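Asker: Take these sequences, add in the hints, and give me the full structure.
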Amino acid sequence: MPDQFDPYHRWLGIPSEKQPPSHYALLAIEPFEDNPDVIESAADQRMAHLRNFQTGEHGTLSQKLLNEMAAARICLLNPDKKAAYDQKLRAKINVNKAVLPMAAPPRPETVAEPALVAAGEPTSMAEIARRRRWQFGPMIASVAVVAVVGVGLIVWGLNSGGWSTEDGDKIAKHDNIAKHDNVAKHDNIAKHDGDETRDDPSSISDEGLDDATQ
Numbered sequence: 007m008p009d010q011f012d013p014y015h016r017w018l019g020i021p022s023e024k025q026p027p028s029h030y031a032l033l034a035i036e037p038f039e040d041n042p043d044v045i046e047s048a049a050d051q052r053m054a055h056l057r058n059f060q061t062g063e064h065g066t067l068s069q070k071l072l073n074e075m076a077a078a079r080i081c082l083l084n085p086d087k088k089a090a091y092d093q094k095l096r097a098k099i100n101v102n103k104a105v106l107p108m109a110a111p112p113r114p115e116t117v118a119e120p121a122l123v124a125a126g127e128p129t130s131m132a133e134i135a136r137r138r139r140w141q142f143g144p145m146i147a148s149v150a151v152v153a154v155v156g157v158g159l160i161v162w163g164l165n166s167g168g169w170s171t172e173d174g175d176k177i178a179k180h181d182n183i184a185k186h187d188n189v190a191k192h193d194n195i196a197k198h199d200g201d202e203t204r205d206d207p208s209s210i211s212d213e214g215l216d217d218a219t220q
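Going by our numbering, the sequence shown opens with residue 7, and the numbers climb by one from there.
Mixed in with the good hints there might be a few duds.
Calculated pairs, DSS-like style, for lysine-lysine (alpha carbon to alpha carbon, straight line, at most 30 Å) [claimed, not checked]:
{"no.": "1", "residue 1": "87", "residue 2": "70"}
{"no.": "2", "residue 1": "24", "residue 2": "98"}
{"no.": "3", "residue 1": "70", "residue 2": "94"}
{"no.": "4", "residue 1": "98", "residue 2": "70"}
{"no.": "5", "residue 1": "70", "residue 2": "88"}
{"no.": "6", "residue 1": "24", "residue 2": "87"}
Hints are computed from structural coordinates only; laboratory data are not their basis. Predicted, not measured: the structure shown is a model, and the values here were computed from it.
Answerer: Below, the structure is given as structure tokens:
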């Protein structure tokens with residue numbers, strides 16, 4: 007519970023994840039400290055600090071911690087007990103180091119994955135422009151070819167039409183000349199025949215002779 011009183015944390019500065027503390031942590035000294043003076047001095051200071059809370063609201067807890075510190079002091083100041091305790095503490099530390107990565111492996115850093123792009127879809131403005139040029143290029147080329155062919159057909163048609171018109175005029179003019187010559191020739195023949203008829207007495211009809219006799 008958040009409001010539960012934690013004497014290790016409140017009075018000795020030992021967080022909950024490091025509890026229960028070792029003898030060295032309880033006395034606030036380095037692990038496997040070998041100097042007896044350092045051990046004894048640290049134990050005296052911490053026990054004096056805890057006695058300040060014996061008459062307070064949590065006096066019972068203060069007495070409990072004082073008893074633990076006294077046991078730690080006796081153990082660490084006795085060489086045989088200290089050696090046995092250190093051996094057990096090292097084994098425990100090694101086990102924790104081996105198990106900790108398996109129990110709680112470090113979480114890999116989250117790397118933002120790039121947005122998925124559909125196959126064939128452009129991925130940048132330059133790619134889009136390139137795709138558009140590629141798409142419209144054949145279209146523009148086709149339009150240009152059609153335009154060139156159309157212009158060529160128009161030019162060819164104009165040239166072909168002009169040639170036909172000119173030839174038609176020539177043919178018409180030739181036909182008119184030929185027709186005029188034929189008419190003139192026909193008129194000349196008719197005129198010549200008329201002159202011969204007048205000059206030939208045998209061409210006068212019997213009716214004409216009768217008229218002349220009367």
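Asker: Against the structure shown, which of the earlier numbered hints fail to hold, in ascending order?
Answerer: none
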